[in-house]
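Once you have looked at the hints, place chain L on chain A.
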Amino acid sequence: MSDLYNVSAAPHLRYPTKTNTIMRDVIIALIPASLFGIYNFGLRALLVILTTVLSCTVTEYVYCRLMKKQVNPWDYSDIVTGLLLALNLPASIPMWMAALGGVFAILIAKMVFGGLGQNFINPALAARVFLFISFPGRMSAFALEKIASPTTKELLRHGALVIDGVSGATPLGQIKAGETVNLMKMFIGNIGGTIGETSALALLIGAAYLFYRKVITPIIPLSYILSFAVFAIIFGGHGFDANYILGHILGGGLLLGALFMATDYVTSPITLKGQVIFGVFIGIMTGIFRIIGTGVEGVSYSILLGNLLVPLIDNLTRPKAFGKERVKNGKK
Amino acid sequence: MNKYLERLVNGLFKENPTFVLMLGMCPTLAITTSAMNGVGMGLSTTVVLIASNVIIAALRKFIPNTVRMPYFIVVVASMVTIVQLLLQAYVPDVSEALGIYIPLIVVNCIIFGRVEAYAAKHSVGLSLFDGIGMGLGFTVALILIGSFREILGAGTWFNIRVMPESYEPISMLVQPPGAFLVLAMLTALQNKLKLPSATNGSVKKTALSCGGDCANCKGEVFAMNHELNTKEPQKEKSAGKED
Chain A
1 MSDLYNVSAA PHLRYPTKTN TIMRDVIIAL IPASLFGIYN FGLRALLVIL TTVLSCTVTE
61 YVYCRLMKKQ VNPWDYSDIV TGLLLALNLP ASIPMWMAAL GGVFAILIAK MVFGGLGQNF
121 INPALAARVF LFISFPGRMS AFALEKIASP TTKELLRHGA LVIDGVSGAT PLGQIKAGET
181 VNLMKMFIGN IGGTIGETSA LALLIGAAYL FYRKVITPII PLSYILSFAV FAIIFGGHGF
241 DANYILGHIL GGGLLLGALF MATDYVTSPI TLKGQVIFGV FIGIMTGIFR IIGTGVEGVS
301 YSILLGNLLV PLIDNLTRPK AFGKERVKNG KK
Chain L
1 MNKYLERLVN GLFKENPTFV LMLGMCPTLA ITTSAMNGVG MGLSTTVVLI ASNVIIAALR
61 KFIPNTVRMP YFIVVVASMV TIVQLLLQAY VPDVSEALGI YIPLIVVNCI IFGRVEAYAA
121 KHSVGLSLFD GIGMGLGFTV ALILIGSFRE ILGAGTWFNI RVMPESYEPI SMLVQPPGAF
181 LVLAMLTALQ NKLKLPSATN GSVKKTALSC GGDCANCKGE VFAMNHELNT KEPQKEKSAG
241 KED
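These protein sequences, in sequence, are chains A and L. According to the working numbering, the residues represented by the first sequence are 1 to 332, in order. According to the working numbering, the residues represented by the second sequence are 1 to 243, in order.
Think of the hints as simulated: they come from the structure by calculation, not from any bench. Take every hint as true, because none was put in to throw you off.
Dumping the calculated DSS-like pairs for lysine-lysine here, alpha-carbon to alpha-carbon at most 30 Å:
(1) Lys68/A - Lys192/L
(2) Lys68/A - Lys14/L
(3) Lys69/A - Lys192/L
(4) Lys14/L - Lys69/A
(5) Lys214/A - Lys273/A
Only chain A is shown next, with the shape it has when bound in the complex:
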């Protein structure tokens, strides 16, 4: 009799993957990029990461308490949002702005729409764009001062970049100005930028872990990057110039966006066809923003625009249910 009470609802065949295991994997995958960011930009980067993560978790907890909702049983999604947001910010950002970004991400982009699973845009990206529109100067302050012979203390505080002294334009700015860039440096990540976007290598290591754990599939990143590359070849004005194309792909937030932002479960299409459409759409949008538009960067805007189209794409690519006839123009 007591066994009967313990029968749970269907499905009885279960898979060990849960929201918190997925989120834990994403956090593990973001560790290389975060560590490289701390190495590159110093302890201040660590402080920014801690600030956004803390502000995201506290906001979620306080909101759930105030609204008398069940406090999420530690599903890590707020930590992922905070981490992604920090990786999208320059290390020099004032702490209160980073904290405000965390509050915006959780409160306005996620919780008021119903929490995890209901948010129609990527919270971290929404907060990044919010901060970018509000404080354009602070959000693009990538320039660093070179210190001739830094002491260990200075090196810790300011990161490895003070030795190279990257000042002025980021590689993407150089490309926009028509200069060639050092691809090897961009691949390793010894360049200016936001905390997490500089090192393509660290991002790829993290993504490889996610592919291995089957948390994400390579469909969205591949269709995104390939369609962007094709767009750059056709409209870039440089033809098939490897330095130009690779510089565009390695520069800015494209890899971070393609691997970690565009693949967010909630804000990307479900079906295979839909994911390809989504990837191609944001690839083309990024191309338009970067190459034809006046701005230097456009990854976050394109992914947000793609997010808005996801319900439509899902509706269009809804698979035919087994046994159902195809209906053409309302006639059977």
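This is chain L only, laid out in the frame that chain A set:
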């Protein structure tokens, strides 16, 4: 409560045109970049609202029901023209700041809504107080939204610096998205605090035609419409089968 006073409270809180009725969103969202703009727009609309309400209420027995809309719009447009010329003559700064939104008061839903729903059916006195109440409700709402956006988005209030010099304004709030954000937050606040409003259950349900229970509304009216809407394609389908 005195029935005239009740009209004022109704306009300010219970049926606040901005936070409860959600009418006149175009000027609300577009011009509330500063508190001063809110005052200018709110008072201009109030004047037009009071004047049109009174005139329509006075003429309500003479206006034929079938062609009442053209009558209303002539009256409202005349009032707007008067207000616009007055603003241009005496406060050119405000006129400049509000720009196209002054002539656009003609098509403001609040004015048409009140004229059609209230002034055309009630006495001159009541319509006058309805106009004052609604106008003040709109003005207060615009000043509130404008204040939030100006203080946080520019660090000033009525063009006087209120935030410390070190404060870096959140400039998104004075841009278009900020209007939606602030409006939504203030509406949510009003609902959360259960300030008297027609839509959050703080008013007697019997006082409202639909019952006013928005939280549990299953949209019966829309469900009926849905049935009507879906009937048509089914007919077409069966016609297609015959083909």
